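S.K.: Each chain is listed here by its residues.
2 protein chains.
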Amino acid sequence: MTPTERTRLRREHQRGSYDPQSIYDILDATTQCSVGYTIDGKPYVTPTFHWREGNHVYWHGSSASRMLRKATDAEVCLSVQIIDGYVMARSAFHHSANYRSATLFGRAFKVPEEEKAARLDAFVEHLWPGRTEVLRPMQPQEIKATTILGLEITEASAKARSGPPIDDDADYGLPIWAGIIPMTQVVGAPIADPRNLPDLAAPDHIINFTPDRTSQ
Amino acid sequence: MTPTERTRLRREHQRGSYDPQSIYDILDATTQCSVGYTIDGKPYVTPTFHWREGNHVYWHGSSASRMLRKATDAEVCLSVQIIDGYVMARSAFHHSANYRSATLFGRAFKVPEEEKAARLDAFVEHLWPGRTEVLRPMQPQEIKATTILGLEITEASAKARSGPPIDDDADYGLPIWAGIIPMTQVVGAPIADPRNLPDLAAPDHIINFTPDRTSQ
Numbered sequence: 001m002t003p004t005e006r007t008r009l010r011r012e013h014q015r016g017s018y019d020p021q022s023i024y025d026i027l028d029a030t031t032q033c034s035v036g037y038t039i040d041g042k043p044y045v046t047p048t049f050h051w052r053e054g055n056h057v058y059w060h061g062s063s064a065s066r067m068l069r070k071a072t073d074a075e076v077c078l079s080v081q082i083i084d085g086y087v088m089a090r091s092a093f094h095h096s097a098n099y100r101s102a103t104l105f106g107r108a109f110k111v112p113e114e115e116k117a118a119r120l121d122a123f124v125e126h127l128w129p130g131r132t133e134v135l136r137p138m139q140p141q142e143i144k145a146t147t148i149l150g151l152e153i154t155e156a157s158a159k160a161r162s163g164p165p166i167d168d169d170a171d172y173g174l175p176i177w178a179g180i181i182p183m184t185q186v187v188g189a190p191i192a193d194p195r196n197l198p199d200l201a202a203p204d205h206i207i208n209f210t211p212d213r214t215s216q
Numbered sequence: 001m002t003p004t005e006r007t008r009l010r011r012e013h014q015r016g017s018y019d020p021q022s023i024y025d026i027l028d029a030t031t032q033c034s035v036g037y038t039i040d041g042k043p044y045v046t047p048t049f050h051w052r053e054g055n056h057v058y059w060h061g062s063s064a065s066r067m068l069r070k071a072t073d074a075e076v077c078l079s080v081q082i083i084d085g086y087v088m089a090r091s092a093f094h095h096s097a098n099y100r101s102a103t104l105f106g107r108a109f110k111v112p113e114e115e116k117a118a119r120l121d122a123f124v125e126h127l128w129p130g131r132t133e134v135l136r137p138m139q140p141q142e143i144k145a146t147t148i149l150g151l152e153i154t155e156a157s158a159k160a161r162s163g164p165p166i167d168d169d170a171d172y173g174l175p176i177w178a179g180i181i182p183m184t185q186v187v188g189a190p191i192a193d194p195r196n197l198p199d200l201a202a203p204d205h206i207i208n209f210t211p212d213r214t215s216q
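Those protein sequences? They're chains G and B, same order as listed.
Numbering of the first sequence is given in UniProt numbering, commencing with residue 1 and proceeding in unit increments.
Numbering of the second sequence is given in UniProt numbering, commencing with residue 1 and proceeding in unit increments.
Certain hints may be false.
Since the list gives no way to pick one copy over another, a pair counts as held whenever it fits inside one copy or between any two copies.
To be verified - No farther apart than 25 Å at their CA atoms in a straight line, the calculated lysine to any residue pairs in the SDA-like style are these:
id, residue 1, residue 2
1, K110, I166
2, K144, T210
3, K42, T72
4, K116, D168
5, K42, G16
6, K110, D204
7, K70, P203
8, K42, A201
9, K110, E75
10, K159, E125
11, K159, S96
12, K116, S162
13, K70, E113
14, K110, P140
15, K159, L197
16, K42, R69
17, K159, N208
18, K159, T48
19, K110, T147
20, K70, S17
21, K110, D168
22, K70, F93
Simulated from the structure, these hints should not be mistaken for lab results.
This one's a predicted model, so the numbers in the text were calculated from it and none came from an experiment.
Based on the provided sequences and hints, a complete structural model is requested.
M.R.: The structure is reproduced here in structure tokens:
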């Protein structure tokens, strides 16, 4: 393989993208994100859960949360990464990872009081369709105690790598095992709260749960 | 349950910790972290792999990486989070997650040229014991093309939650399924590179791989 061919092949496997659907798909494939923000010019990163509605992404927490207060009306960076595998090459240098990642930048806004209940319902319904109607209804003081931040998806990029390792030409002749070690996040069997009422079966939205909402 | 008892119970399940071993254990349980840094006062978050040696944590990348250049001799925040499950309560408000997280702050330093090969070997050996000796040896230009950043673990905190949901007293009488949906990151069966030499078996360090180095 010539260096040019190698570059082309590498590009096929590892691409950056700015198209909204690629970004939506990565955001929808996991609930886990990391929000970066600054306090007095110092970087902070807080892991949290996010959900997407249209061209907005949201996250939430206690209204007492320092992170949420500091990120409100401030520049944030929201980062999502899913590791799909370790890429085992014939040299240490060409070891890599298969992954999907999205990075969003912008100014986070606070969801107004009157919209919070609808946003929280949407979060629960995205993950567990039908759950909001079986839950004890939200209380006004609970909604008040919850802050939701939103970010319009305007400045965003997606990156992904897939496929086998790309080694130096000469190294393909070496008797070294190369390939992929796949990684997946799996959902285990639900564990009932010992304090559940007797004979209460786990509903379908629990049994069929997947955090990957691209498949829904 | 009185509010005081509830607070005590909550504390048992969700604790913060500053002791080094708790922080080491979380850092060692995954390779995935997010590094936060600032460029012109704006927050950036880059997902990457880390590894720990004693009281230092390291991450690496291309010497051309803007992230690594901007984080060198600069304040960073390194964040690790492992999700162990979704905590399904009887009200939306008490839904939560079981997790382990660690957050480190400090000034990242560049690992000097003469120490880079040893650090990279340590990274590979931590994850795949015995792999460095079977790989094609590192070339000087590869070491040069790699930048490694380090952070001394001085300002760090760990947080974790485990166990069942903690609901409001009155809600335990409702016929709502509550409990845990466990989440685990699992290692799949290795996929050989189609360009491997014939009859090359995956070595033990591939077959037995786990990213959780606390068990090693």
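S.K.: Determine for every hint whether it applies to the structure shown.
M.R.: Evaluated hints:
no.	hint	result
1	K110 to I166	neither (45 Å within a copy, 27 Å between copies)
2	K144 to T210	neither (29 Å within a copy, 43 Å between copies)
3	K42 to T72	both (16 Å within a copy, 14 Å between copies)
4	K116 to D168	between (54 Å within a copy, 21 Å between copies)
5	K42 to G16	between (28 Å within a copy, 22 Å between copies)
6	K110 to D204	neither (33 Å within a copy, 51 Å between copies)
7	K70 to P203	neither (38 Å within a copy, 49 Å between copies)
8	K42 to A201	neither (48 Å within a copy, 49 Å between copies)
9	K110 to E75	within (13 Å within a copy, 27 Å between copies)
10	K159 to E125	neither (28 Å within a copy, 28 Å between copies)
11	K159 to S96	within (14 Å within a copy, 29 Å between copies)
12	K116 to S162	neither (38 Å within a copy, 27 Å between copies)
13	K70 to E113	within (18 Å within a copy, 38 Å between copies)
14	K110 to P140	within (17 Å within a copy, 51 Å between copies)
15	K159 to L197	neither (46 Å within a copy, 31 Å between copies)
16	K42 to R69	both (15 Å within a copy, 17 Å between copies)
17	K159 to N208	neither (29 Å within a copy, 29 Å between copies)
18	K159 to T48	both (21 Å within a copy, 13 Å between copies)
19	K110 to T147	within (7 Å within a copy, 39 Å between copies)
20	K70 to S17	between (30 Å within a copy, 23 Å between copies)
21	K110 to D168	neither (50 Å within a copy, 27 Å between copies)
22	K70 to F93	between (40 Å within a copy, 22 Å between copies)
In terms of the numbered hints stated before, the structure departs from hints 1, 2, 6, 7, 8, 10, 12, 15, 17 and 21, listed from lowest to highest.
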